[in-house]
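Once you've looked at the hints, dock chains Y, A and B against the given chain P.
There are 4 protein chains.
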Amino acid sequence: MSFNSFGHSFRFTTWGESHGPAIGAVVDGVPPLIPLDEAQVQARLNRRRPGQSRFTTQRQEPDQIKILSGVFEGRTTGTSIGMVIENTDQRSRDYGEILDRYRPGHADYTYQAKYGTRDYRGGGRSSARETAMRVAAGAVAEAVLSSVLGPACQVRGALVAMGGDAVDRSAWDWNQVDANPFFCPDAAAAERWAVTLDAARKAGSSLGAVIEVVADGIPAGLGEPIYGKLDSDLAAALMSINAVKGVEIGDGFAAAAMRGEDAHDRMYPGNGPTPRFETNHAGGVLGGISSGQPVVARFAVKPTSSLLIPQPSVKVTGEAVEVRTKGRHDPCVGIRAVPVGEAMMAIVLADHLLRNRGQVGEIRR
Amino acid sequence: MSFNSFGHSFRFTTWGESHGPAIGAVVDGVPPLIPLDEAQVQARLNRRRPGQSRFTTQRQEPDQIKILSGVFEGRTTGTSIGMVIENTDQRSRDYGEILDRYRPGHADYTYQAKYGTRDYRGGGRSSARETAMRVAAGAVAEAVLSSVLGPACQVRGALVAMGGDAVDRSAWDWNQVDANPFFCPDAAAAERWAVTLDAARKAGSSLGAVIEVVADGIPAGLGEPIYGKLDSDLAAALMSINAVKGVEIGDGFAAAAMRGEDAHDRMYPGNGPTPRFETNHAGGVLGGISSGQPVVARFAVKPTSSLLIPQPSVKVTGEAVEVRTKGRHDPCVGIRAVPVGEAMMAIVLADHLLRNRGQVGEIRR
Amino acid sequence: MSFNSFGHSFRFTTWGESHGPAIGAVVDGVPPLIPLDEAQVQARLNRRRPGQSRFTTQRQEPDQIKILSGVFEGRTTGTSIGMVIENTDQRSRDYGEILDRYRPGHADYTYQAKYGTRDYRGGGRSSARETAMRVAAGAVAEAVLSSVLGPACQVRGALVAMGGDAVDRSAWDWNQVDANPFFCPDAAAAERWAVTLDAARKAGSSLGAVIEVVADGIPAGLGEPIYGKLDSDLAAALMSINAVKGVEIGDGFAAAAMRGEDAHDRMYPGNGPTPRFETNHAGGVLGGISSGQPVVARFAVKPTSSLLIPQPSVKVTGEAVEVRTKGRHDPCVGIRAVPVGEAMMAIVLADHLLRNRGQVGEIRR
Amino acid sequence: MSFNSFGHSFRFTTWGESHGPAIGAVVDGVPPLIPLDEAQVQARLNRRRPGQSRFTTQRQEPDQIKILSGVFEGRTTGTSIGMVIENTDQRSRDYGEILDRYRPGHADYTYQAKYGTRDYRGGGRSSARETAMRVAAGAVAEAVLSSVLGPACQVRGALVAMGGDAVDRSAWDWNQVDANPFFCPDAAAAERWAVTLDAARKAGSSLGAVIEVVADGIPAGLGEPIYGKLDSDLAAALMSINAVKGVEIGDGFAAAAMRGEDAHDRMYPGNGPTPRFETNHAGGVLGGISSGQPVVARFAVKPTSSLLIPQPSVKVTGEAVEVRTKGRHDPCVGIRAVPVGEAMMAIVLADHLLRNRGQVGEIRR
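Protein chains in written order, with the numbering used here: chain P, 1186 to 1550; chain Y, 1186 to 1550; chain A, 1186 to 1550; chain B, 1186 to 1550.
Treat the hints loosely; a few may be bogus.
If several chains are the same, the list does not tell them apart, and a pair holds so long as it fits within one copy or across any two.
[To be verified] For lysine to any residue, the following SDA-like pairs were computed, each having C-alpha atoms within a straight-line distance of at most 25 Å:
no. : residue 1 : residue 2
1   : 1500      : 1257
2   : 1511      : 1463
3   : 1251      : 1376
4   : 1387      : 1243
5   : 1251      : 1312
6   : 1387      : 1451
7   : 1251      : 1271
8   : 1251      : 1272
9   : 1387      : 1355
10  : 1251      : 1235
11  : 1251      : 1223
12  : 1251      : 1459
13  : 1500      : 1404
14  : 1500      : 1459
15  : 1251      : 1206
16  : 1387      : 1218
17  : 1511      : 1443
18  : 1251      : 1207
19  : 1500      : 1259
20  : 1251      : 1273
21  : 1500      : 1548
22  : 1500      : 1271
23  : 1387      : 1439
24  : 1251      : 1204
25  : 1511      : 1356
Derived from the structure by calculation, the hints contain no laboratory data. Remember, it's a predicted structure, so these values are computed and weren't measured experimentally.
Just chain P, with the same shape it has in the complex:
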């Protein structure tokens, strides 16, 4: 069963509700002797933390990570790593009115239908607050990748479209990503989005977004055909993020409109037996196994479902009602999904790195 756990050889399990006393994760299967401390994990969490610009929720959570086990004298021991973040700014009164009604587009109704109960405070377990622990686990996964693959291995994400307005790929600059509040690689797009998103926020509306995550320095050979394909696990990982409705690898849906002679990456002699690929339509994965090219995935995030604009809905008891969510919400949840997407990509890669080492042996860098 998957429940609240993800991964096989590198595996993590999360717990905690949006408005409970704390949230946490257990990361398991981590190789021993890898340098790890709270500061590394905190640095990753800080990128996702709410309240850093007017474009994300004003909820103030310091999201202070504590590592309670599995690390001894600054290095991993090979045993389970327990991590906890205490919830400090819960203000559950904001959510009182959704106690007895379902927000359209939200998990309120389906949790109630499945379990016959739900923790209605801030969405409880279905809240995107859970993604903080993905970022924490992702920081551990990054440490594993660095330790085994060296510094060439790097996982980075960027917002490539907001509200249907895409970046100009010819203007892509990774340095821009941390220079604006949108993780946007195109400075001009970031300026346009600031205007659009301000307008949407003031109107009580919300916008969707597309995120791209790229992993460089991944060796050929990661992925377990047939049902543990690297791209299959990436799809599961990214689709499991709150509000995600689509996942692509490489050219994705665009590939379906191409002709065979244009859609495949021509190969030329490279270094020794390693070929040089002309292009990367495949997004670094062929037959479910990494090819040595950058691994490229994209995912679509729908607009935030908590809206100030009233929406027709029903009460738990079945009667009609209008729902308007007054809590502090992100007008575009896609923004903070960038570090979450990076984390999930790092986790899938770390998992497959160890899975591959188990079956096939050490990767020859």
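Only chains Y, A and B this time, still in chain P's reference frame:
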């Protein structure tokens, strides 16, 4: 580990290579006393079988299924179901020339890079021939769904775009799907595609496609948050199919371009506590749990990578070479991916039906 | 991978070291709406708590449980249950001298050999302190069993031999179990053991023990043949407890010395299709599936390996050394293994109850 | 779920009934490039094959293995290995009379109680015939162990007691094991057993047995604490074999009667950091991790439950009946359990070898 197995409570494992003596599957976790015979499975396999029109590979495989265990006196026993198909038309000489070279866009290079070896005959394990056993396992999954949910539960797929040319959704007719060689729900599109695909085939090229799979009659409550979400497992299942590069649930990538007030399904009083949804942007899944609406997924298939048009590539030894695949191939692998997509959707739903019953108890139809 | 997790449908994961800041568990897959509070879990923990008599370690740990998620308004929500116990009495200076040497019979050497490092403070992760979280998870499992099977279902354990001195089975009285410091069902044996164990403790030695765990009220039908047999999972569960070297079901090793006509439980007409068994040699499991009789398992615990008597050993650097463990230890770890054995039995049964419900449907009580 | 699968990194799944058309296994996760052919597997199967002496069932099954996938040009490819044995001597008429009644000590009643149906022909899935596929999978596991650990790694089993009559350990000779029909390492015991077992067989009775399995050449470091301990997985593996009621590691239950200063293996300086152990009370496992000493496990097999001596029992419909099993049965199923025990030990070790390599990296031989 996933390796060659998929699913948790309903679980199947496949084995076999394209040009080996046989392929097979073991289906496990199936509830007892469900009516099942070879004819049911064969009927599903016949929809996927090659050589049925000029638009699919001319390889002739009767794909005759044998059920060797787990069924007694016409009903499942609750023990593992072993199924085998013997390979009869292997003609491995067709593939002799790819013995020492990598086909662009194919898994040849990555299998070699991972394992240090590969069965080069017809792609070996990476061949789409493996998908026959998914269809066989899918037939068992359908029997489980019918048995527990009754005849209202139905999983159907259709080709909704080929080579970038999409169906007219206002002309959608499920009856058309079995009336043309493309599983196309729009008769006019099917006529256009026949012309386009003939031209591509004659040019030695190939086309991509988009498939939509819809499950009706699925109750609310299926799906295991956070990492066994119904849509997350669907994404993994569909992305694991050969040549798939993208997966969407409901509005998918289009949702990322919508505003909040348009993207979510308004709810109105329905029968008792079950609300009526105005629309189905969500594709029947909210927070990873089914909502009771039809479950809708789409996936993008890239054009066949085996081409008559020569492609620059490299040999196993690293030298440059031109590759031209003379074997009998589907000019659009997306066509035969329709029954495979249906099978994977049925498998994910059967798995979650049993997973949900384990945790929560019997679904109240 | 198993790592620090146990179970499938009912699954728990533990983390934490003996002398770290805290230990914890995540329990997953729990059905919703089951009454659960900290007091219930605490009651179970109190039975295992150290420092309650002169026969267990004098380490004082209040072992105060906190439930941080997965329970809302006194009932489970179906989401992951996070639990934490803070370590308060760590006195790690006691363990300073084992920093650089291996205790015979302990995991010191093997952890170092496997991981190239170890948390030497009190055994770190290999300490029996971890079993507190098994007891906590076991309390949740008991709540699941009660909720589904009613009060007739009961899991109880007892110490049946200490230092080779066995109880008189004809004097078995479950009420005695909580009336002496040994969980002993035979008052006379308890008196003898008090003398023997005092002597062993004063001599700086330690004693082994045998524990029996019995589950009443378990319906026929639990267990997943072939590799998820109820007895196979029980064997794994009990063998995973610290210092356990043997596991038996029913007559266990004694069955190997019996003749066929004496070893099997004769069946007579009972209530409807349910037979009445004359005896319970099988310990309630036939073919890996529960028979409706009490489920009976026994396990052997070796004597505590931390001894005041000096033992020849080696240093981490390879030189000879004498090891004498001055920390506060249980002279017979088997005593506190009783509630741990009960917990593991309850966990295996709760897991199989849900696994069976998933595949076969509701048990008819 | 476990169902019909065992293992994580090295994983196998079996299917097939005693009197169905065939039985089979899929072995997954096998490293590539390991030499493997049918003869190797057949040699292992031949040791377990029925009908080789008057002390085993007279059922004649050639048990001819076919490897249908996963091996190419004499070496494994890293993909799933499908293996099949056709059933040839089924004589299902012998079993006609147990169609409507339950054999005491057998799985007849529990399968019926769980599934509401059962394949009554020869026990169907519950038959020990299934163990043939364990032996086949074990042969693959042995190939993995040899390939990674070299020829020093060896897994051997022996019968150490029959009907309560134990071997003289001072007379232990591994060469004797293949020189008598009992896999007995003590020639004198084998002679005694021939007489005893003949008498039991003629009386229509049966005897139990104890089997010991020893693995030499296993490096320190295998085993995943806390819930994937090497001994915990061994206990599960051995307890899953038909008719097994007890499992011990090292001194097993005898350890519970020892004093601390006698029960633990003293350590002395050895080669470099590797200590020399004075004894092997622990059976090669400390804290769930291998110590580098031989891994020693024992398991108890109850007497065959199919007896010519009539037993009181009940019909499926609930009425009283006498059951007498006329089919051809082993008078001591423990004999043929020896190669099965070896196979399960090899499988657990191969699994942990790969699991350890995944997490920790290559073992340094």
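Checked hints:
1. Taking CA atoms no more than 25 Å apart as the test, residue 1500 paired with residue 1257 passes between copies only; the shortest distance there is 20 Å, against 51 Å inside one copy.
2. Proximity of residue 1511 to residue 1463 under the C-alpha cut-off of 25 Å is restricted to the inter-copy arrangement: shortest distance 23 Å between copies versus 51 Å within a copy.
3. For the identical chains of this complex, residue 1251 and residue 1376 are neighbours neither inside a copy (37 Å) nor across copies (47 Å), given an alpha-carbon limit of 25 Å.
4. For a Cα distance limit of 25 Å, the shortest separation of residue 1387 from residue 1243 inside one copy, 14 Å, qualifies, whereas the shortest one across copies, 60 Å, does not.
5. Taking the shortest alpha-carbon separations for residue 1251 and residue 1312, both the intra-copy value of 21 Å and the inter-copy value of 22 Å come in at or below 25 Å.
6. In this homomeric assembly, residue 1387 and residue 1451 come within 25 Å of each other (Cα to Cα) only across copies, at 22 Å, whereas the closest approach inside a single copy is 49 Å.
7. When the C-alpha separation of residue 1251 and residue 1271 is checked against a cutoff of 25 Å, the pair qualifies both within a copy, at 9 Å, and between copies, at 13 Å.
8. Proximity of residue 1251 and residue 1272 under a CA criterion of 25 Å is satisfied in both settings, with 12 Å inside one chain copy and 15 Å between copies.
9. Taking identical chains as interchangeable, the C-alpha atoms of residue 1387 and residue 1355 are never at most 25 Å apart, the minima being 32 Å within one chain and 36 Å between chains.
10. In this assembly of identical chains, the alpha carbons of residue 1251 and residue 1235 lie at most 25 Å apart only when taken from the same copy (18 Å versus 27 Å across copies).
11. In this assembly of identical chains, the alpha carbons of residue 1251 and residue 1223 lie at most 25 Å apart whether taken from the same copy (7 Å) or from different copies (23 Å).
12. When the C-alpha separation of residue 1251 and residue 1459 is checked against a cutoff of 25 Å, the pair qualifies neither within a copy, at 43 Å, nor between copies, at 36 Å.
13. In this assembly of identical chains, residue 1500 and residue 1404 lie within 25 Å of each other by CA distance solely across copies; the values are 20 Å between and 52 Å within a copy.
14. When the C-alpha separation of residue 1500 and residue 1459 is checked against a cutoff of 25 Å, the pair qualifies only between copies, where the shortest distance is 10 Å, while the shortest distance within a copy is 61 Å.
15. In this assembly of identical chains, residue 1251 and residue 1206 lie within 25 Å of each other by CA distance both inside one copy and across copies; the values are 14 Å within and 10 Å between.
16. Taking the closest pair of Cα atoms, residue 1387 and residue 1218 never come within 25 Å of each other, the shortest separation being 50 Å inside a single copy and 40 Å across copies.
17. Only between protomers do residue 1511 and residue 1443 lie at most 25 Å apart by alpha-carbon distance; the minimum there is 21 Å, versus 46 Å within a single protomer.
18. In this homomeric assembly, residue 1251 and residue 1207 come within 25 Å of each other (Cα to Cα) both inside a single copy, at 11 Å, and across copies, at 11 Å.
19. Taking the closest pair of Cα atoms, residue 1500 and residue 1259 come within 25 Å of each other only across two copies (23 Å); inside a single copy the shortest separation is 51 Å, beyond that limit.
20. In the homo-oligomer, the alpha carbons of residue 1251 and residue 1273 lie at most 25 Å apart both inside one protomer (14 Å) and across protomers (17 Å), since each shortest distance falls under that limit.
21. In the homo-oligomer, the alpha carbons of residue 1500 and residue 1548 lie at most 25 Å apart only across protomers (22 Å), although the nearest pairing inside one protomer, at 56 Å, exceeds that limit.
22. In this homomeric assembly, residue 1500 and residue 1271 never come within 25 Å of each other (Cα to Cα): the closest approach is 32 Å inside a single copy and 41 Å across copies.
23. For the homomeric pair residue 1387 and residue 1439, the shortest alpha-carbon distance between copies (23 Å) is at most 25 Å, but the shortest distance inside one copy (34 Å) is not.
24. In the homo-oligomer, the alpha carbons of residue 1251 and residue 1204 lie at most 25 Å apart both inside one protomer (18 Å) and across protomers (16 Å), since each shortest distance falls under that limit.
25. Taking the shortest alpha-carbon separations for residue 1511 and residue 1356, neither the intra-copy value of 38 Å nor the inter-copy value of 42 Å comes in at or below 25 Å.
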